[in-house]
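Visitor: Read off the chains here:
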Amino acid sequence: SQQGEEDPQALSIQEGENATMNCSYKTSINNLQWYRQNSGRGLVHLILIRSNEREKHSGRLRVTLDTSKKSSSLLITASRAADTASYFCATDRRGQNFVFGPGTRLSVLP
Amino acid sequence: EAQVTQNPRYLITVTGKKLTVTCSQNMNHEYMSWYRQDPGLGLRQIYYSMNVEVTDKGDVPEGYKVSRKEKRNFPLILESPSPNQTSLYFCASAYRGLTATEAFFGQGTRLTVV
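Chain order of the listed sequences is A and B. Following the working numbering from start to finish, the first sequence increments by one per residue and tops out at 110. Following the working numbering from start to finish, the second sequence increments by one per residue and tops out at 114.
DMTMM-like cross-link-like pairs, simulated, lysine to aspartate or glutamate; straight-line CA separation at most 25 Å: (1) A/Lys26 with B/Asp59; (2) B/Lys71 with B/Glu30; (3) A/Lys26 with B/Glu102; (4) A/Lys69 with B/Glu102; (5) A/Lys70 with A/Glu55; (6) B/Lys57 with B/Glu79; (7) A/Lys56 with A/Glu15; (8) B/Lys69 with B/Glu53; (9) A/Lys70 with B/Asp59; (10) B/Lys17 with B/Asp59; (11) A/Lys56 with B/Glu102; (12) A/Lys69 with A/Glu5; (13) A/Lys70 with B/Glu102; (14) B/Lys18 with B/Glu62; (15) B/Lys69 with B/Asp59; (16) B/Lys57 with B/Glu102; (17) A/Lys26 with B/Asp38; (18) A/Lys26 with B/Asp56; (19) B/Lys57 with A/Glu5.
Keep in mind that the hints were calculated from the coordinates and are not lab data.
Extracted from the complex, chain B is given alone in its bound form (with noise of 0.2 Å):
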């Protein structure tokens, strides 16, 4: 079955506690891309991946870093959380980097930071 997978689901830490969210697709897509959602303010683009080796900003990239390593995973790793990271994240995937193809989402990870 086609699909993205993240890690985990939900998740609460301790501010200045490094993680890492994992981020995981099967359709051997080249595009991923990671967002938040918070009340009111929809989704937010925090990093996306045009192909291996390939990662650029989105809107909200402080306090983020990825990396794509390979073609499937593109983790979202946060050094030091602050609460302000406290989000809905979703990890989303694309045959191509064009809108000309749809996006797959992730079942998305409530991060709680306190």
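Isolated chain A, as found in the complex (with noise of 0.2 Å):
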């Protein structure tokens, strides 16, 4: 069974807007990562958080971390249509590394 779940499956906004997927996952973690996947590529690394740390940013990037409830959300803040892509989280799981869940779909229209 996968580890982290993203919510929702799939988002769609205006150019502009922020966007913000949230991931769960079921063990304790020691980091949790997000990674982007444009149509049928390869996935790209965005940002990684650690267990001990509550937020982190990147450019336009937000993460968060909450252990007490086994969830991170990503927040993608003035969004482009460049944005557009499949967004994953990526955890650990007894021993099992780089476990992702089934992602969100964004859709960010100009």
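Using the supplied hints, reconstruct the complex from the two chains, each of which is provided in its own coordinate frame.
Guide: See below:
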């Protein structure tokens, strides 16, 4: 079974709006990462947050981590059409690394 | 340029005909992994390798084999492909098998088994 589950499955917003997607996981983790995938291409790493961190920023990206709720959120501010992609969280699970959820498909409409 | 290279990019084959998808990385990474991606199911891990000669099953290993004889290569072998193995496959590598380091992905191999 998958360790991380992204929510929502799909999200459509207008350019300039903020996009928020969530990741919930089942067992305790050491680190959580977010990746982006443009249609049919390989995943690209966006940001890593460690289990002792609560929030991290990178450009227009903001990631939060709540270990008590076993959840993380990815916020993309001032979205652009080029942000249209699928977004995945990745965690570790009982020694198995880089376990991905089903992803959130983001569409940013011009 | 640091990269993970998969070959072939596209492959159409027939049921039962053995095939190998190659994966090579030039970053001296210890960790390598194979995933399959199917609509609505995200990336599911097939096999992973923490180092040379060390491989472990992921979530969906049935019907696949791997080997890690050298650090840079991690081929995925389908001894007797079946139509349910039609999928998009990705190879990934990371410095170590810990999610404290980012994973680098290949371009993907789209496999169709008829």
